[in-house]
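Peer 1: With the hints as a guide, dock the two chains, each given alone in a separate frame, to form the complex.
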Amino acid sequence: MAVSLNASSVAIPTIALDIGLMALLVVVAFAIVRMRSLFAIVMLQGVYSLVCAAWFVSLDAVDVAFTEAAVGAGVSTVLMLAAMLLADRKSEPVPMKRQWGPLLIVLIAGAAMILAVGDMPNYGAANSPANSYVGMDYIARTAEDIDIPNVVTAVLASYRGYDTFGETVVIFSAGLGVLLLLGLNGNAGRWRAKPNGHRVFRPSAPAAAVSKTSDETKPNETKKRRGRPRKSKASTPDGGDK
Amino acid sequence: MHDPHVLLRVISKFLIPIIALFALYVQFHGDYGPGGGFQAGVILAASVILYALIFGLDAAKKAFPPSWVRIGMTIGVLLYGGTGVVTWLLGGEYLNYSVLAHEASHGQHYGILAVELGVLVTVTTVMIAIFYAFGSRQPETDERDW
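These protein sequence lines are chains A and B, in that order. Residue 50 in the numbering used here is what sits at position 50 of the first sequence, and the numbering runs on without skipping anything. Residue 51 in the numbering used here is what sits at position 51 of the second sequence, and the numbering runs on without skipping anything.
Please keep in mind that the hints were generated in silico from the structure rather than gathered at the bench. Check the hints yourself; a few may be wrong.
Unchecked claim - Okay, the calculated bits of chain A under chain B, using three or more residues with CB under 8 angstroms as the criterion:
1) 66-78
2) 150-160
3) 169-178
Said to hold, decoys possible - Here are some chain A residues the structure puts well away from chain B; computed CB gaps all over 12 angstroms:
4) Ile32
5) Pro102
6) Ile105
7) Ala125
Unchecked claim - Some but not every residue of chain A turned toward chain B, in silico, with C-beta under 7 angstroms:
8) Val62
9) Asp63
10) Asp147
11) Phe165
12) Leu184
Everything numeric in this text was worked out from a predicted model, so none of it was measured. Note that CB positions come from ideal geometry on N, CA and C, so glycine has one too.
Excised from the complex, chain B in its bound form (with noise of 0.2 angstroms):
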């Protein structure tokens, strides 16, 4: 089996993990270094991107596959709109996660840490959704094309 690629593939399965794991560290290290649910959503959809530039879209759509881009793309923004939902009903004004918990700051952490969740979620499945969207149009490309 002779495989052009093989450097790319063996370089890139080492590397998607990590990326995915950076994605993760940005978006919890966020209060405290630059980063957020923006950035690390981002990088997040950049694993799964690199991944199906590497091994294809369809083993793409194996292991991240279109119906969780449909679901989380509204579920992030559910979870940003809830959280202000959740302040409201706790007798605050929307979105002052200062009601989350006793002490005002813990309820800011509390707050930013959902809000930021709802970020990444969304983030991540958008554009993942745009890279579906334009990539399968024409799923297959001849090398010589480029």
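Excised from the complex, chain A in its bound form (with noise of 0.2 angstroms):
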């Protein structure tokens, strides 16, 4: 209560507010297009995802502010940068004949978001779709019914629990995928990537010699590896494993 009474007696400062936030995405957003360097791009778009949090916040949002600090800004972040490791560090230039296909779609798909503004409810309307079915019924049956403060995890939890069980299976099978693809252990050993981006694949490697956990072998082929020079270090550690 005390926060919506607050919000609407300073309301010019916070659309002010509302409005530096997203110019502040814009501009960000046009420098990683702008930008060449991977590393540069990969925490700009941390960044991107701070500014958004802080809009979710001035919005009220607070639990998907909550939400895009921690994966947007945290871990996505950490995540982009491993798999930055694997790839170039900087891109190539795009010529320019290749960018008019993109920008074409680019502009078709803006002019209908702007078209599709017109028919959005105006922002804290009494009677857009937000504010007037079954959330309204949530918001009002959850004192009743659960006795909890927080509606938002009410509806998350109770009311759309069977949502939130897929996106729990969903975050699972992402992890399971991955899993599946990569390994827990990233197939360690099995080839490295290169900073400039050529990949060195082990031709001697075995099939087998990936499954294992790296706690069985490790302190073996650490030690192995760094007794010897740079160059054999790729055939042997297989051959000392058999």
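Peer 2: Written out as structure tokens, the structure reads:
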């Protein structure tokens, strides 16, 4: 209650804040598009998520802001960095003649979105779809049915328990897919990516050596690797394992 | 022993337990304030990932073994689905927590606690699994490579 009263009494600064944050998003987006260094791009994506999170807070969507800050700015930045290590550090400039097609698509999609803005309800409108049908019902009934103050949690875990179960299974299958494709130890040592992007496969690596857990082979392997010159490193460890 | 990252190490050693504790706060305070299983899971995973970034992947794998990751992913989903099965066996609909206790709202509390715990376990372990899977492909990176 106190929050919503506050928001209406300081409406103009809030709008200025919203516009400022959105302008910042546009600036960051253009910087990402124009940049060639992947490291800087990944970092700017984290900045983009953080600004997004700040904007969600100003829209009173605290739960979404929380998620965006933790997932978008935190974990996904690190995951992108880890993935970036396996690729080139810099992207090649795209020739001009290959940019017309994407530009056309972006312009059409953007025009469609701007056209759709006219049909959207005003921000905070009482008769908007979000404020009129089942959402109001949840807000009215949560205090009686579930008796917890945070309606978001009530909707997420109880009223919409099936959806959240589906989301959990989606996350589970995402993890399962990554584990099936890459393995928990990332097929450690089978191939290494070089900083400039040329992958070096070890032709002699047998499939069986890959599936061994790191705990069994690591101490042995690392000792050998350290002891030998760089060139023979690629082929000897599996010989030693057998 | 000259360590160029001594500040990072000391400060993250101080911060990592606080981050993990904050994740638990977000988890168990989700009924009263913003937060819940998803956010808490990501924050908890972030504390492990920060540990791996500062102290190396091998140290992180000792602190949070990959076998936990494999088991945790499944346990979380089973905990969520199992809560539904329990409500089924107690005579309610699937995931209708009201039958878990004598009073309907208490049952809802227990049910939400259980499914949020399932979400926490799955999200934490999946995030760490993806990080381990990507990070292990290139365990050591030279500082100049960035």
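Peer 1: Confirm or reject: Ala125 (chain A) is not an interface residue toward chain B, with every Cβ-Cβ distance exceeding 12 angstroms.
Peer 2: Per Cβ check, Ala125 (chain A) is outside 12 angstroms of chain B; nearest 24 angstroms; holds.
Peer 1: If you count the residues of the segment 169-178 of chain A with a beta-carbon closer than 8 angstroms to a beta-carbon of chain B, do you get 3 or more?
Peer 2: holds (count 7)
Peer 1: Once the shortest beta carbon distance from Phe165 (chain A) to chain B is found, is it less than 7 angstroms?
Peer 2: 5 angstroms, holds
Peer 1: Does Val62 (chain A) pass the interface hint, meaning its C-beta sits closer than 7 angstroms to a C-beta of chain B?
Peer 2: Given a least distance of 4 angstroms, the restraint on Val62 (chain A) holds.
Peer 1: Just to be careful: measuring from the Cβ of Asp147 (chain A) to every Cβ in chain B, is the smallest value less than 7 angstroms?
Peer 2: 4 angstroms, holds
Peer 1: Going by Cβ atoms, does Ile105 (chain A) stay more than 12 angstroms from chain B at every point?
Peer 2: 30 angstroms, holds
Peer 1: Hint check: is the beta carbon of Leu184 (chain A) less than 7 angstroms from a beta carbon of chain B?
Peer 2: 4 angstroms, holds
Peer 1: Would you check whether the claim that Ile32 (chain A) is not at the interface survives, using Cβ distances to chain B and the 12 angstroms cut-off?
Peer 2: 18 angstroms, holds
Peer 1: For the hint on Asp63 (chain A), just tell me whether its beta-carbon gets within less than 7 angstroms of chain B.
Peer 2: Holds. Min distance 5 angstroms.
Peer 1: Count the residues of the segment 66-78 of chain A whose Cβ falls closer than 8 angstroms to any Cβ of chain B, and tell me whether that reaches three.
Peer 2: Held - the segment 66-78 of chain A has 7 residues with a Cβ nearer than 8 angstroms to chain B, which meets the minimum of three.
Peer 1: Go check the segment 150-160 of chain A versus chain B for me, would you? Three or more residues, Cβ under 8 angstroms, otherwise it fails.
Peer 2: holds (count 7)
Peer 1: Using Cβ atoms and 12 angstroms as the threshold, tell me whether Pro102 (chain A) really stays out of contact range of chain B.
Peer 2: For Pro102 (chain A), whose nearest Cβ neighbour in chain B is about 28 angstroms away, the distance exceeds 12 angstroms, so it holds.
Going through the hint list in order, the structure satisfies each hint without exception.
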